[in-house]
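A.B. asks: Residues per chain are reported as follows:
2 protein chains.
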Amino acid sequence: MKTMHPLDPLTPAEISQAAAIVRSRYGDQDVHFKVITLKEPPKSVMVTFLDQEHRNLPAKSTPVRCARVDITIQIATGGNELHELFLDMDKGSVLEHRVLKGKHSYVDSTYMQEVEAACMADHRVQDEIRKLDLSPGASVVVEPWTYATDGENDMSKRVTMCWFYLRLLEHQDANYYAYPLDICAEISETLEVTKVYRLPSSPNEHIHHESRAFDRRKIHSTTASEYHPDIRPNPRTSTKPYKVVQPNGPSFKINGNHLNWEKWSFRVGFNYREGLTLHDIRYDGRSVFYRLSLAEMFVPYGDPRAPYPRKAAFDLGNDGAGINANNLKLGCDCLGTIKYFDAWHTTRSGEPMQLPNVVCCHEQDDGILWKHTNFRTGNAVVARSRILVLQTIITVSNYEYIFAFHFCQDASIFYEVRATGILSTVPTNIDYNLTTPYGTVVAPGVLAPYHQHLFCLRIDPAIDGQNNSVSIEESEPMPFDENNPFGVGYVTKSHYVEKEGGFDLDFTKARTFKFVNEANVNPITNTPVGFKLMPFYSQMLLADKNSFHAKRSEYGQHAVWVTKYRDDELFPSGKYTMQSMGGEGIASAIRNRATVGDQDTVRNSDVVVWHTFGSTHNPRIEDWPVMPSEKMVVGLKPVNFFAGNPGLDVAPSTQEVNKSVLYTEEDEGPRRGASRL
Amino acid sequence: MKTMHPLDPLTPAEISQAAAIVRSRYGDQDVHFKVITLKEPPKSVMVTFLDQEHRNLPAKSTPVRCARVDITIQIATGGNELHELFLDMDKGSVLEHRVLKGKHSYVDSTYMQEVEAACMADHRVQDEIRKLDLSPGASVVVEPWTYATDGENDMSKRVTMCWFYLRLLEHQDANYYAYPLDICAEISETLEVTKVYRLPSSPNEHIHHESRAFDRRKIHSTTASEYHPDIRPNPRTSTKPYKVVQPNGPSFKINGNHLNWEKWSFRVGFNYREGLTLHDIRYDGRSVFYRLSLAEMFVPYGDPRAPYPRKAAFDLGNDGAGINANNLKLGCDCLGTIKYFDAWHTTRSGEPMQLPNVVCCHEQDDGILWKHTNFRTGNAVVARSRILVLQTIITVSNYEYIFAFHFCQDASIFYEVRATGILSTVPTNIDYNLTTPYGTVVAPGVLAPYHQHLFCLRIDPAIDGQNNSVSIEESEPMPFDENNPFGVGYVTKSHYVEKEGGFDLDFTKARTFKFVNEANVNPITNTPVGFKLMPFYSQMLLADKNSFHAKRSEYGQHAVWVTKYRDDELFPSGKYTMQSMGGEGIASAIRNRATVGDQDTVRNSDVVVWHTFGSTHNPRIEDWPVMPSEKMVVGLKPVNFFAGNPGLDVAPSTQEVNKSVLYTEEDEGPRRGASRL
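Sequences listed follow chains A and B, in order. Position 168, counted from 1, in the first sequence is what numbering that gives the first Met the number 0 calls 167; the numbers after and before it change by one each time, with no gaps. Position 228, counted from 1, in the second sequence is what numbering that gives the first Met the number 0 calls 227; the numbers after and before it change by one each time, with no gaps.
It is possible that some hints are incorrect.
The list makes no distinction among identical chains, and a pair is therefore deemed to hold if it is satisfied within one copy or across any two copies.
The calculated lysine-lysine pairs, modelled on DSS-like cross-linking and capped at a C-alpha distance of 27 angstroms, are [claimed, not checked]: (1) Lys239 <-> Lys338; (2) Lys38 <-> Lys508; (3) Lys492 <-> Lys630; (4) Lys239 <-> Lys262; (5) Lys59 <-> Lys90; (6) Lys544 <-> Lys492; (7) Lys574 <-> Lys38; (8) Lys658 <-> Lys630; (9) Lys328 <-> Lys59.
The hints are simulated quantities; they were obtained by calculation from the structure and are not laboratory data. Quantities reported herein were computed from a predicted structural model and do not represent experimental measurements.
Bound conformation, chain A alone:
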């Protein structure tokens, strides 16, 4: 019989069980299930459990298996009410039941399809489409977007923005983002089309009513704007096959959601919102991190013209990295020997719904781990670096994000984000002005507005235990004086973070954030054992501090946030971001606690570190029609945690194992363009 771990996601059977418990409570009411997910056990309980587990001792007590269920219920006034329930799965009972007035759940694809249909059925929309005088094979696509609060509508009800595009070719995967139309519609929660209007198409228009007509003759040919191989010219044939062969299988061992690889061990989690989560991360048996997760992503657009300030997506809070995770088909997304993890979500009616192959796990070669040649003997010793990749890829309408944790043999962890997919576009009248200061024209009539991608990586360190401190270290020149007679000396100065707050990066000072265990001093270096953050240097949120974007996102103000651990504090822009009004993020939480005097020192406590990073994405035409991956990498590295290089025992690299092949020029043709001297 299968055994389970308290951190394992809910099984299909548990999802059904949870739905049944909830259904029985609501009787005849039409319950729309949004979330049925594991409520992770309180950390206090889990830490005891894990301590026993790692000592191979029986559990003192098994944490209660708890589920969180979000549902919506239709209400008399025509809207929906969001309810949240916590269930004791062992007893089959409801522990807590809350009605969340004014809050909205994440985007619902079924609802969005209804929005599209309602929009297309509207006579004003049909009038506008008729005016387009579409060529045969062309069709209009409605792209509904969640509404980024701008103060102009009542946010207690859902409002959906509908943008319009043209699918110029009959092919179902034709790139409709290449033909943005200048129509826009707003749809109410009850699927009424409340407004239909023209979008601005010249750089200086702030209010849509002033809009000049978009020149619809500007529709350009498809050659440059299609990405699907069916409707593209033949691809290049110069790229020869490249295979990864692992004759003895991979170096990892997997038992359910537990993974062992090269001295690392951890548990894989997954939920509808964060997608991939990692738990109880240890190296060589020593605790390093309690939990690692992407906590939020915010994508605000910089085009100031109404209604574009409504384009600002919380891709986790509004859309869900779990729900939108791709099925990673064998061989297309990865090479080598691959383990896929499935996940389970819920249907509207509470049936378990499989999300197949949402996480892949595989190894990669990563070049040289370490090398030294003794120049006196000429003898070289070189070890190659093998890394373990845990990857998930999400599609949020036009964009793709590739999220990967890389575990390394030297006990470092890297979190790599690659942004790819298609730019969000708006129509532009290029006759009007040659360039636009907040966007790039990527094809005739097509403007790709400037925007930012702001990610938040939540790091819950457990460096040799839960009680950790955060220190900030800088490298500083010594004064040029009698203690530094040649003016070349420099020292590190560091201080501990005492209170919760937001902090900034400064590479000019080599400012370094460390998570350390002050109680555990490395006997050789005489410093506390720790790990350090290798941040990704990024511009913070550009929107004004008094804008709704800033108030709603909050974490985008600083690159590093330090808080004291709280069981339910997982999201730096708040739990319910959909049409949120602001004041529910990490800055507010810290300020509120300070106000009520609930701000203990974070030193020698259970700290959490949140790293904000991303890109100010001012599109290049090279990002069109599908953007080449833009990499962003964050690192976590041991600092005086071990007694030496943790990868020193990796076996040196040999040709006997690697079987590399020597290239010779024998079958190359004559040299091009060469001249005889």
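Could you slot chain B onto chain A? The hints should help.
C.D. replies: Chain B alone, transformed into the frame defined by chain A:
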């Protein structure tokens, strides 16, 4: 018969020919050959030549084949005199002959061996060694270092610093850096041991004469400090084999030093100082860069105590990235199908000396190049990224550096540096103080002092031709006013660099340096075609501006330098860095030109961009005894140079080609530590 290209390095025959020409000029004098290398043709000549070549037209004129020869001649007063000669290889004549008074050539391994021998033969040194009362099998190793000018000696003659280490085990590859001794010697150019003294071993000693005796009983056991597999415990066996198989061979084509790969074409160069250089880099036939090279590397140590301020290495200028390049043995340094390039240097007597396998060229898979899933159809299209790697690895005494250019299918280029090898160590008396503010104790009695690695990448852009401009762009919020009524708008503002100078990075403004061709406007974006620098954010030189370190290095003051191209301006700390006194670097050159009024605008001219980057390396114990690779990456990406994603035509990834393997858990054992719920 073999044809040659004007950018091909000198052949062995040419090296012999050059030596003969020089020898004949010096008659009976003992000529010590230091350099026999290609003097690259003037750019004005080369550009015309390359234009004709790329149009498949006959050369209008072939550039004169020119060699540069550096020799030293012993002089009556006991020292050496450095001569530089330029030869016309076509005519077999000397074009120019200069005596470089007060300048020194690069480190000479033969000379260094003589220094070591002289040092060991000294009776004071022998006295000190006797006092060590070495155990059987142990031996003393002398490590000579070039002298970083500190104002305390006459720099017109060479002075060598000799540090002492203990090889505790009889094994010839035992890690002697693990046992630094507290003896130091200074050796004159004529191999006299001028001083022998004790090193400081406590943190507060500034002058060696005050030094407390180092506690030599602190010699620690070897287990933690050895890296050679012969004298290490057995390595881990968990890492299973991983092979790269390219059944149809690699995707590159090589003719001599010319390389074609996935629309890229360029020429591989190599010289004793810079090592690998790249020339005439084009994508799809369009010129992008004229030349890319690592121009300098400076490694100043931050320990203020005399004589440690003399530790500051110019690893290119003093040591030579070419001379110290590793022989990259098949299968140990790379996977897949590998092409190696050899290089040729000269012996002391002017014979051609082969440097085998100093550059390797191979392909790597680099994850996903681009992906999009149409959420309406569920159809995904994914292309994997193949990269071409041109790599060279150098050993400079204790340290290793791995330098690699990565060419990508999306027309971007990355320059990756990995620092590995062994930390430079000094003795420390750990009883005296628990920690040292300018170093890390990595083993009992062993201090790894703080230091910096400052690299300078020289970028000679040729964006659709030689006349380019550098623009600096920032992303800036719009004021919250009637033009930006929601406070979310932001714009880019940019200006052109008009004069030569040094510039700083600022990620808080998304400051971006672009190289553009103002005369060539992208017809879709309406902006000049260009490439941008993706810098590696690093702390600049910490040494005081008035220190010799700062005066000698110069480029370490700013992250980006912009200069107008000059044929012989290749080195940002000057051509002769050995015991240099300062004032010969890039800042001085710019200042001097401004002083004499020779400072034209750099806009729409032949610009060169120099990027300073690196690390403030405050060692971790995890860097011991061999440091896991520390990656530093600089990128060059097209910005509105093309008409769209240059990698769009890469064929989508398929399992048919990739042949990935599905992992199943069937043969895994029972789950560990799991509890039944």
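A.B. asks: Give a verdict on every hint.
C.D. replies: Evaluated hints:
| no. | hint | verdict |
| --- | --- | --- |
| 1 | Lys239 <-> Lys338 | both (25 angstroms within a copy, 16 angstroms between copies) |
| 2 | Lys38 <-> Lys508 | neither (42 angstroms within a copy, 40 angstroms between copies) |
| 3 | Lys492 <-> Lys630 | between (32 angstroms within a copy, 24 angstroms between copies) |
| 4 | Lys239 <-> Lys262 | between (35 angstroms within a copy, 14 angstroms between copies) |
| 5 | Lys59 <-> Lys90 | within (19 angstroms within a copy, 90 angstroms between copies) |
| 6 | Lys544 <-> Lys492 | between (32 angstroms within a copy, 21 angstroms between copies) |
| 7 | Lys574 <-> Lys38 | within (14 angstroms within a copy, 65 angstroms between copies) |
| 8 | Lys658 <-> Lys630 | between (30 angstroms within a copy, 26 angstroms between copies) |
| 9 | Lys328 <-> Lys59 | neither (42 angstroms within a copy, 55 angstroms between copies) |
Violated hints, listed in ascending order, are 2, 9; each of the other numbered hints is respected by the structure.
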